[in-house]
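Chains as they are written, first to last, in my numbering: chain A, 1 to 266; chain B, 1 to 244.
Be aware that one or more of the hints could be misleading.
Said to hold, decoys possible - Short, incomplete list of chain A residues facing chain B, as computed with Cβ under 7 Å: (1) Asn51; (2) Asn196; (3) His222; (4) Met224; (5) Glu225; (6) Ala252; (7) Val258; (8) Tyr261; (9) Leu262; (10) Gly263.
Said to hold, decoys possible - Pairwise CB distance ranges, derived in the manner of DEER restraints: (11) A/Arg163 - B/Asp2: 46 to 52 Å; (12) B/Asp111 - A/Asn51: 40 to 46 Å; (13) B/Leu95 - A/Pro161: 55 to 61 Å.
No lab work stands behind these hints, which were simulated from the structure alone. For every residue, glycine included, the Cβ atom is placed at its ideal position computed from N, Cα and C.
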Amino acid sequence: MQPAAHAPNASAGAPVLEGHDLVKQFGGLRAVDGMSIALGRGEMLGLIGPNGAGKTTLFNLLAGSLAPSAGTIRIAGRTLSHRGPEQRIAHGVARTFQIPRPFAEMTVLENVLTGRQNQMGERIWLNLVRPGRVAAEERAAVAKARALLDFVTLSHLEHEPARVLSGGQRKLLELARVLMADPQAILLDEPAAGVNPTLLELIIDRILELNQQGRSILLIEHNMEMVARLCGRVVVMASGRYLTEGAPEEIARNPAVVDAYLGGVA
Amino acid sequence: MDAALSTRALVAGYEPDLPIVRGVDLQVRGGELVVLLGPNGAGKSTLVKAIAGLVPVHSGTAALGTTDITVVPAHEKIRHGLAFVPQTENIFATLSIHDNLRAAADILPKDRRARRIADLYAMFPDLAARPSLRAGQLSGGQRQMLAVARALIVEPSVLILDEPSAGLSPKIVAEVFARLQAINRAGVTIVLVEQNVKAALAIADRAVILVEGQVRHEGPAAGLAEDPIVAELYLGARRHGAAP
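Start from the sequences, fold in the hints, and give me the full structure.
What follows is the structure in structure tokens.
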């Protein structure tokens, strides 16, 4: 049975991002099949489910990478169901990818700078009539990108091409790039996958700090230990649908969740 | 009985500083059907790919019977009796069913090829019914059967399959698994990597559960689906406070 909506607990505040009755159909396959989810302001919400549950497709719908076949997406109460990712970022929602693909030949610093939105220098006439302001904005952007590289501990690599980074460092670079847009809600797609234990601790630490800054975070993660450390609430998906939700320790003991993970859901 | 397939302290991964498989000892007896289970990222596929020669082995060994195959190139392992069916791209989609089998039979002496393909058609009547059909037009389950038929053409002693049920409906999964069980009963040792835990345990003799690149449980398959150890290893139930 699926409730009409899954509001976060009261302490998390009003939702910053909501998906209602979302459907995504690929030919005969309903990858997301009437799923609803709400991310509270300042909340750290986990999204888990067995392989093929539709988690990443749901992410793609929420981030605007895919248009829903049906259903509604709201950011801070405003309906943006069919707007693209650039519109979602403009409204404060950004996402990372499970396998980051930085611009390999650009430097680490340049990669972070690509995350900046709505730059004055993108308008030719402003370069002509306000060159000083454009240059000042560029300097501020570089300073901000450097601060973010410091935050993700990649400062020493700022002039290196992104292709030299390890898998874990690419995840950190992507986080810095996303933060250039100052998102209020960040969707993280498996930040622990393929990351060595040392870097993983750093990534967990940075995610916690971002949440403490007040940013809302929706986390897809298979590493249940990480989910339990970070998230107060976990939503479980199976076969494209909402299955249940609760605290991590409740979820891990829930027979319906165990059944879904072991192939009990057809 | 001697191990048909074994690994000792096997460490493997795509990058030298990031081992995915971290010291695995695996023993598969001749004639067994062993299922390798574990949550996403546990290293199941990496382990079988390392055994098959498709992922670099950093240290440790893999052996078929008493023959060390750790550094035998992937394409040579088939000559030692090890066949591997990858999860995807395991057939030539633009070739016919028959040409797929012919390509696989190329490794056999010329005088044995036609006979062996005929044997496989007898084993897989669905494939025999339409030998000129392009493999890309087959359903998901039929594709898996063609991939298995290709692997069996050299009469391997050990057959390893990486998630043959991925993307298949429950009904087709049951058909594929029933066929694998029949192949096993005919004497082929099978190692099966699976996410479809309950269906795989129903046909397996023994299960090995990997977590974070290491063996965390191994034992008989019967009754394991109901054992709390599985929930613990998949979802960390005990660590988060469930009763032991």
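Hint check results:
1. Annotation: A/Asn51 was flagged as interfacial toward chain B, and the flag holds, the nearest CB pair being 5 Å apart, inside 7 Å.
2. Given hint, A/Asn196 at the interface with chain B, holds; its Cβ is 5 Å from that chain's nearest Cβ, closer than 7 Å.
3. Using the Cβ-Cβ criterion of 7 Å, the hint placing A/His222 at the interface with chain B is satisfied: the shortest such distance is roughly 4 Å.
4. The interface hint given for A/Met224 is met, as the beta carbon of that residue sits about 4 Å from the closest beta carbon of chain B, less than 7 Å.
5. Taken as an interface hint, A/Glu225 checks out: its beta carbon lies about 6 Å from the nearest beta carbon of chain B, inside 7 Å.
6. Interface restraint check: A/Ala252 against chain B, minimum CB-CB distance 4 Å, threshold 7 Å, status holds.
7. Of the supplied interface hints, the one on A/Val258 holds, with its beta-carbon coming within about 4 Å of a beta-carbon of chain B, less than 7 Å.
8. Residue-level restraint check for A/Tyr261 holds (minimum Cβ-Cβ distance to chain B is 5 Å; threshold 7 Å).
9. Nearest Cβ of chain B to the Cβ of A/Leu262: about 4 Å, under the 7 Å cut. The hint holds.
10. Interface restraint check: A/Gly263 against chain B, minimum CB-CB distance 4 Å, threshold 7 Å, status holds.
11. Checked against the given bound of 46 to 52 Å, the beta carbons of A/Arg163 and B/Asp2, roughly 47 Å apart, stay inside it.
12. Separation of B/Asp111 from A/Asn51 is about 45 Å and conforms to the stated range, judged on CB atoms against 40 to 46 Å.
13. Range check, B/Leu95 to A/Pro161: Cβ separation about 40 Å, and the 55 to 61 Å hint is violated.
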